[in-house]
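2 protein chains.
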Amino acid sequence: MDSQHQSAGRLRKAPENFLDPAGVRQVFSEARKGRRDFIRNAFAAAGAAAAVPLARAAGNPVPPTGGDANILELPEHSKGLGQPVATDGYGKPSKYEANVQRRRSPGLTQTTQSSVSFAPLQSLFGIVTPSGLHFERHHQGWWDIDPSRHRLMLNGSDDRIMRKPMVFTMDELMRLPSVSRFHFIECGANSGMEWGNVAVPTCQYSHGMLSCSEFTGVPLKLLLDMAGVDYKRARFVLGEGADGASMTRTLPMALVESGEVLVAYGQNGEMLRPEQGYPLRLVVPGVQGVSWVKYLRRIEVGDQPYGSKDETIHYVDLMPGGLHRQYSSTQECKSVVTTPSGGQVLLDKGYYNISGLAWSGRGKVRRVDVSVDGGRNWRSARLEGPVMAKCLTRFNMDWVWDGKAALVQSRAIDDTGYVQPTYKQLRAVRGSRSIYHNNAIQTWLVQDSGEVKNVQLS
Amino acid sequence: MDSQHQSAGRLRKAPENFLDPAGVRQVFSEARKGRRDFIRNAFAAAGAAAAVPLARAAGNPVPPTGGDANILELPEHSKGLGQPVATDGYGKPSKYEANVQRRRSPGLTQTTQSSVSFAPLQSLFGIVTPSGLHFERHHQGWWDIDPSRHRLMLNGSDDRIMRKPMVFTMDELMRLPSVSRFHFIECGANSGMEWGNVAVPTCQYSHGMLSCSEFTGVPLKLLLDMAGVDYKRARFVLGEGADGASMTRTLPMALVESGEVLVAYGQNGEMLRPEQGYPLRLVVPGVQGVSWVKYLRRIEVGDQPYGSKDETIHYVDLMPGGLHRQYSSTQECKSVVTTPSGGQVLLDKGYYNISGLAWSGRGKVRRVDVSVDGGRNWRSARLEGPVMAKCLTRFNMDWVWDGKAALVQSRAIDDTGYVQPTYKQLRAVRGSRSIYHNNAIQTWLVQDSGEVKNVQLS
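Chains A and B are the protein sequences, given in the same order. Using our numbering, the letters of the first sequence map in sequence onto residues 9 to 466. Using our numbering, the letters of the second sequence map in sequence onto residues 9 to 466.
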């Protein structure tokens, strides 16, 4: 890295927070200066007028440089040898991206083992979440479990409901027919703080318990078939994790019989990360993250829901009348604008690409509408393909900002026809004492200063 | 990590090469032992016969454990607190996956800066290549270029062919309309050593200059429109990199006008990695990797191909008569079985999932056939969705191995009807003195010992 560091040292100090407000402002001001200088110098060198090309031949390129650098001085990276290829290695992001991290909200939870770290949605592109930035939610911390010791057991609640109880090694599971599918995972508590009108500052904290990956594994149905399950009686499945929390969740057998539920070991091309349940987890498309049991060690089938602690005490929705909803596990249609979003700064009037994510636990996203006036007028956004069921969909929309305050919103519609609700609509049904399953329309206020804030329209 | 390491220390030493032959053998033998012990102990504990369930209730789970561990002894990870969530962080793979790396082939190139490291295809799932394992190919090493100083210049070969030459900062580019698309990138020299019948041992070295990502960026056509290009005259585009190699490649304007060519900054959700051209590269779907110019600093448009060093001296195909083909940049339809593949070991007879990758620079993969007898009989594989144009497609096929020697092959057909050729067919046209554009059918010999070798059928 020597020549590289040397080079950086000779130039102005690099912003470490690229894409964050301070860094963006610095880049922007240097860029404008650099651009003017560059063009002025180029014209001086060519002794020419505005319509003259900046460089004349491929054989004699003029390297683009910015700021106060002389355009005739090539940067180090255009002159010297760079870093070698990896002899054995696993790559890392640029040092200029060091600020793009998952982050914990101090004080949100009493311990750091039973806690959350949020994915930096405001800095991400497309739909794939890099595994290093996938949100984390643990009930007692994460483990790096030795896959050679890990087992998956299948059993029934009695001896007729599953005729051949089985125990699988990882090696045995990985020899079986596998499928690969793109799906989002969202914690049921995502956007939970917004119920209380907390208006956390950034999209990372308001919506960052959301990620999307390509998962690879074996359909759970196939394993249950091998184990001789009596599907007439076995109407529920219990998944159990191997970590100290012994996370246990009931799934309806109908979901398993659809073939969608996977016993997964692969995520974005490689083995699951330890924070995501290495070496084995459930993938339950469309259903809240807590049901995607990590460190999966056991599957039981039975004829009744199990009513485990993790579905009766936690992950229930307190309703206005004081009753609560249980087993409300499907993540309803939802969307969020990630650019511009809270904490970002628009540096000047003019064109912006409004970009965001939409998803539905019921199927595909059919349409996303975007408003810049708090929901009075809507325009349909471009959806990036492929649009997949129970998967994130990236949307983009052109916007020319006039420099005045604007209220930016997105509203997703899924292929069942369901329309993402306003807070007013959601609260009319659910009240305001809930933690889970907030899928209301998010509003970002772009102030005339360009600074973007989280606000909640009633 | 204390309690975790303590736990590992008390058990047998963990295999560090999980999924590699030595590790697999160890896992397999421990698993069989563990499984027998587990079942024996479970039955002893229950005092019961074979049909009795292994566990009776969710409230009193029997943790699956393996090897010589007592089943009544819970592993540490089922008792203690694990690791905390990231306060600020970027995650890493499991320590048990340390062997899954991109690798350089010593001696293949004279320097490590102008060299290659190969992606470990044999250990990957699905179609997304984790950015940390994306293959590397540099002509003078990689750089981590300061994005605040980086510029993209657009110019024409004369002053009428582009009316408004422009210079963009990264900030300016990232405000423009963006698209996100999944595409493979393959080095034109991938499988090059096979031309010489070298039969490198693993699929990592034979096919590992291949990766696939979701790219995000601005269509180059949009930038050329902004710059006022005269498309009647501007029929060719030159892309130029900022690294010392000054990589320059010509693209036909027709490709750019299709809207497929991107000026990309995003890859798999985050900014490009330094090894992949951070902060800006060309994405030229279906075309060999060298044209995806990294560290992109300049685009010139002209009315003729540029005939740069990187397309006249290098990346040409020497034909049997001594002439060479130039500008043969589209990657023709190709496939490879990644499991089982060279260096892997089948540990026992029985069911295996044959899995691999197929792709075409012309469009979508229509079908993949798999043979286990060297091409005499073929069966069609299952294609995992979504099948996307100029993107990897994962295929899977059931196979029950009888324990006898087998010749495993795959043959892809794309939506133009083109069929991946045998070596005999390819050599009839191309001879055997080429380096680039080898898309012949790959053969893996499964020996009766279970060991898999690279062989070339004439």
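Where hints are given, some of them may not hold.
The calculated DSS-like cross-link candidates involving lysine-lysine, where the alpha carbons are at most 27 Å apart (straight line), are [said to hold, decoys possible]: (1) 357/B - 229/A; (2) 172/B - 103/B; (3) 100/A - 87/A; (4) 100/B - 103/A; (5) 100/A - 172/A; (6) 432/B - 103/A; (7) 229/A - 412/A; (8) 432/B - 100/A; (9) 372/B - 412/B; (10) 372/B - 357/B; (11) 317/A - 87/B; (12) 172/B - 172/A; (13) 412/B - 432/B; (14) 172/A - 103/A; (15) 103/A - 87/A; (16) 432/A - 412/A; (17) 372/A - 412/A; (18) 432/B - 357/B; (19) 229/B - 172/B; (20) 372/B - 87/A; (21) 461/B - 100/A; (22) 372/A - 432/A; (23) 412/B - 372/A; (24) 87/B - 100/B; (25) 357/A - 317/A; (26) 357/A - 100/B; (27) 229/B - 100/B; (28) 461/B - 412/B; (29) 357/A - 372/A; (30) 172/B - 357/A; (31) 229/B - 240/B; (32) 461/B - 432/B; (33) 432/A - 357/A.
In short, the hints are calculated from the structure, not lab data.
Evaluated hints:
| no. | hint | verdict |
| --- | --- | --- |
| 1 | 357/B - 229/A | 24 Å, holds |
| 2 | 172/B - 103/B | 53 Å, violated |
| 3 | 100/A - 87/A | 24 Å, holds |
| 4 | 100/B - 103/A | 16 Å, holds |
| 5 | 100/A - 172/A | 46 Å, violated |
| 6 | 432/B - 103/A | 48 Å, violated |
| 7 | 229/A - 412/A | 55 Å, violated |
| 8 | 432/B - 100/A | 42 Å, violated |
| 9 | 372/B - 412/B | 35 Å, violated |
| 10 | 372/B - 357/B | 35 Å, violated |
| 11 | 317/A - 87/B | 17 Å, holds |
| 12 | 172/B - 172/A | 73 Å, violated |
| 13 | 412/B - 432/B | 26 Å, holds |
| 14 | 172/A - 103/A | 53 Å, violated |
| 15 | 103/A - 87/A | 21 Å, holds |
| 16 | 432/A - 412/A | 26 Å, holds |
| 17 | 372/A - 412/A | 35 Å, violated |
| 18 | 432/B - 357/B | 32 Å, violated |
| 19 | 229/B - 172/B | 14 Å, holds |
| 20 | 372/B - 87/A | 40 Å, violated |
| 21 | 461/B - 100/A | 32 Å, violated |
| 22 | 372/A - 432/A | 25 Å, holds |
| 23 | 412/B - 372/A | 46 Å, violated |
| 24 | 87/B - 100/B | 24 Å, holds |
| 25 | 357/A - 317/A | 53 Å, violated |
| 26 | 357/A - 100/B | 40 Å, violated |
| 27 | 229/B - 100/B | 37 Å, violated |
| 28 | 461/B - 412/B | 14 Å, holds |
| 29 | 357/A - 372/A | 35 Å, violated |
| 30 | 172/B - 357/A | 22 Å, holds |
| 31 | 229/B - 240/B | 14 Å, holds |
| 32 | 461/B - 432/B | 20 Å, holds |
| 33 | 432/A - 357/A | 32 Å, violated |
Of the numbered hints listed earlier, those contradicted by the structure are 2, 5, 6, 7, 8, 9, 10, 12, 14, 17, 18, 20, 21, 23, 25, 26, 27, 29 and 33.
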